[in-house]
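Residue numbers (my numbering), protein chains in the order written: chain X, 9 to 269; chain F, 49 to 302.
Warning: the hint list may mix true and false statements.
What the hints assert, rightly or not - Derived lysine to any residue pairs resembling SDA-like cross-links, with alpha carbons at most 25 Å apart:
no., chain 1, residue 1, chain 2, residue 2
1, X, K10, X, P102
2, F, K62, X, V177
3, X, K10, X, L99
4, F, K62, X, A125
5, X, K10, X, V107
6, F, K62, X, L239
7, F, K62, X, R173
These aren't lab readings, by the way, just hints derived from the structure by calculation.
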Amino acid sequence: MKTLRLIGIGGALAYRALFNWTTPAMYVGTLLAGPTFQLLFFAYLGRQLQVADDRFFIVGNAVLAASTAGVFGGTMAVANERRYGTLGHVLLSPRSRTVIFWGRVLPYAGNGLLITAFTLGMGVLLLGLRLPLDALPGLALALAAGSLACGFFGLTLGALGLRFRDVWVVSNVSASLLLLLTGVNVPREGLPAWMISVGQLLPITHAAEAARRFAAGEGLSAAAPQLGWELLVGAGYALLAAALLRIFEAESRRRASLETL
Amino acid sequence: MLRTLLIGTLLHAKHLSRSPFEIALALVIPLVQATLAVYLFRAGDEPHRLLEAAVGAGLMGIWSSVLTGSGGAIQRQRWHGTLEMIMLAPRHPVLMILPITAASAVTGTYSLLATLLWGRLIYRIPLDFRHPVAFLVAAVVCVVGLSMFGLLMASTFVLLRNANALANPLEYPIWLLSGMLVPIATLPSWTVPIAAVLPTTWGARALREATSGGPVWPSAGVCLAISAACLVLGALFLVSFERRARAAGTLALS
């Protein structure tokens, strides 16, 4: 019960304290308008090049929309502790740091889910995408899996913030690579084999595939393997983040660089 | 006046070149965009337009740089605590702010060079421009046009405490409306008048025409004319918004 409280209340408090984009202007501008414009750009580019139909780009970019909140939010969850001078207090806590930081991912995953749903809704409204009603629960599942995996991916990047001072470079480059390697905007069969292999290990890739299957009217059985892979990728990043946080914390203490900016 | 602009641009370009964040983003992101464009155009079975795609991706990089630069032009000075000093300088505020956006556009030209080289070296895209000299001139016109458009945006950011909120979502709409990769003809008709008043539209058109053929100079001329209008409007807005921000006591608030 105490662990659940730590995850729930601790995560919510950390979200309010550390996420820089909660003001209405930043939230609407960066997290709602930005992904919508990105979706429109790729949908029109896809129409012009006839690479794939609108559904491919709308569903893919809707799933990718979770990455902004997940990747940057996860990074802020660790990096901003250092920036605000509170990292030492967190690391002195008698509770498990792994649980504390995992709990921080949940608000970002929830946020990501909200943003993906909004972006998908904008795709339906602006570009006339038609989705079968019975596809919605499956789509929600795929979007949630993608958002969760993105949150843990972001936490892994945030963990690098304990070792590298300018972790925002890593976050920005990673967000940009997700655009290319996850097959959200380029059909994966058109990418070189090594890019496909890297994409398999990234969040979003499998969630986008699962979401596209649901949007095409296929059932849970068709999308289940991709959903499973997405959850596995998310779990992998959760473990990697926990390991990196532990290693870099020990190293930062040893080098006395814990709060160096 | 010219000396102030040139020294200011050099100073801010040097400042940008000391930031590992700016350098890393400027080095990597244009290449990712160029790669994405190449694979999309290949998937669309339009390999003959790969050079256009590389040029378009490069121009997208310049715009991203200007957008970040103009969004950050005011914000960074606030964070550094230097905005009030800049506004109190005995020169016109435009001479203080234009070099910041110009420096962003000048450093952003790396994007164009990088995407062209990346395309040539990695994807063997032949760099056979239809009008090579006109291409160079059009690139300079684009840089000038984007600097002044950046100034117009930066001037409005004086009023906003969180300019990034406005700057962040403006990247894709300008890419889209200016026809940097997507031809404007494929967009809804109501977007045409908006596209027509953007200097980026005419700059992109001039570069495209220099790449694959067409009358470069009229497009370059329209780009410069709109840029001049942006400069005049930017100057008016900057002075007006600066006064309002000083009266409201919000100039230095971040």
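Give me the numbers of the hints this structure contradicts, sorted from smallest to largest. 4 and 6
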